[in-house]
Amino acid sequence: METLVLKGFGEVVKTVTFRVRRYDPEKKEIPKYEEYKVPVQKGMTILDGILYIKEHLDHSLSARYSCRMGICGSCGMIINGKEKLACQTQILELGKDLIKVDPMGNYGIVKDLVPELSKLFNNHQSVKPFIVREEEEPKSEFLQTPDQREKYAMFTDCILCGLCLSACPTSASDELYLGPQALAQSFRYIVDNRDLGFEERLNVVDSKHGVWRCHFSGACSEVCPKGVDPALAIQLLRKVMTTNIFVKYQQKGATRGPERKSALGVS
Amino acid sequence: MRESQIMFLQYLTGILVLVFGSFHFLLISVLSPSPEKILYIYNGANATHVLVGGTLYYTWVKAVYSSLIWGSVFELLLTFLVYHVFNGFRVILSELIPGGRAEKIITYALLVVALVVFIWGSRTVVVSLAGGL
Numbered sequence: 001m002e003t004l005v006l007k008g009f010g011e012v013v014k015t016v017t018f019r020v021r022r023y024d025p026e027k028k029e030i031p032k033y034e035e036y037k038v039p040v041q042k043g044m045t046i047l048d049g050i051l052y053i054k055e056h057l058d059h060s061l062s063a064r065y066s067c068r069m070g071i072c073g074s075c076g077m078i079i080n081g082k083e084k085l086a087c088q089t090q091i092l093e094l095g096k097d098l099i100k101v102d103p104m105g106n107y108g109i110v111k112d113l114v115p116e117l118s119k120l121f122n123n124h125q126s127v128k129p130f131i132v133r134e135e136e137e138p139k140s141e142f143l144q145t146p147d148q149r150e151k152y153a154m155f156t157d158c159i160l161c162g163l164c165l166s167a168c169p170t171s172a173s174d175e176l177y178l179g180p181q182a183l184a185q186s187f188r189y190i191v192d193n194r195d196l197g198f199e200e201r202l203n204v205v206d207s208k209h210g211v212w213r214c215h216f217s218g219a220c221s222e223v224c225p226k227g228v229d230p231a232l233a234i235q236l237l238r239k240v241m242t243t244n245i246f247v248k249y250q251q252k253g254a255t256r257g258p259e260r261k262s263a264l265g266v267s
Numbered sequence: 268m269r270e271s272q273i274m275f276l277q278y279l280t281g282i283l284v285l286v287f288g289s290f291h292f293l294l295i296s297v298l299s300p301s302p303e304k305i306l307y308i309y310n311g312a313n314a315t316h317v318l319v320g321g322t323l324y325y326t327w328v329k330a331v332y333s334s335l336i337w338g339s340v341f342e343l344l345l346t347f348l349v350y351h352v353f354n355g356f357r358v359i360l361s362e363l364i365p366g367g368r369a370e371k372i373i374t375y376a377l378l379v380v381a382l383v384v385f386i387w388g389s390r391t392v393v394v395s396l397a398g399g400l
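Chains as they are written, first to last, in the working numbering: chain A, 1 to 267; chain B, 268 to 400.
So here's chain A without its partners, still in its complex pose (with noise of 0.2 Å):
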């Protein structure tokens, strides 16, 4: 049988077997695996094996993806055993004839790769991830200094993939525990010298499945592609509230730059 090949790569190297956990809740059948050869050549990543999977082999396949270039955050999935991006994941790399491919832990499962990831994002919405002001329509800038925005700089890296969850073993056992990503977020911005947010935010990270449930294992920040340390923030989010039982924690808001006008004059 002629082995297909995959245009913009370049040439086959070897052949390497991919078990991937197949799953439908429609069906009603328990999870199993299924494995299919892949003909690997230079520069192929996970991704692109999936895909070849999904377009010669079995189209009954599904995987989430979107930008192909560890971006968006679509493809997070567990690759023999530890939560990466698919894409960003080279096959020749992992230097493996046998690639098990699982879909994140902690959540949901929508079909075979594709996790139900309403629980990261629902988490993510409560702790406010954004800039909370009185004012609807700031007219000036708010000045902020290279020093103020290094406290959180890191943390904007996120691009809620969802693996830190995934591999979080506290979110694996508390399905109501905030968790990795939520509780870096909410660092971000409580830090963030323009936010004025902290009160509206200390309901559900100071609670009792909030920040103080980490048990500090390091997995998130050991997974996350983007290099974001979400166990610092954790760390440092309990510093703030430790500090807050005996100084209140003070957010004054930034400085306002000067009003400005546009060129017709209109603010």
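It should be emphasised that the hints constitute simulated quantities derived from the structure, not laboratory data.
There are no misleading hints in this set.
Straight-line Cα separation of at most 30 Å, BS3-like style, residue types lysine-lysine; simulated pairs:
no.	chain 1	residue 1	chain 2	residue 2
1	A	K27	A	K119
2	B	K371	A	K248
3	A	K208	B	K371
4	A	K151	A	K226
5	A	K7	A	K82
6	A	K119	B	K371
7	B	K371	A	K128
8	A	K208	A	K248
9	A	K128	A	K248
10	A	K42	A	K100
11	A	K111	A	K54
12	B	K371	A	K239
13	A	K54	A	K28
14	A	K111	A	K96
15	A	K54	A	K96
We have chain A; now place chain B onto it with these hints.
Frame of chain A, contents of chain B only:
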């Protein structure tokens, strides 16, 4: 109480249990027998030993346990232990059985058990202070 206050006390009592527990075990080790406190009496084939000049005499032990300072140490240790242990149980169980009615039942049930343990332990300390036991 906010969770941050509860957990701050959890960590604080953890440290205090270590400190007061050390006092407690130090006291036990002082009271415990050591070779120099034991006199061996050889009586032919049978050898027996008796405690001499040591602190593990009934009267000495009783004196320690009925002193106000040590009684206070034990009472504080008991307080810290009960808080740390039962709040720890609450945290573990609320993670394993999260949310809803079960979590509330667990919290209140543990509170009741903690109170019973605290009252029973305090009774022992108080009775010892009063010269009983």
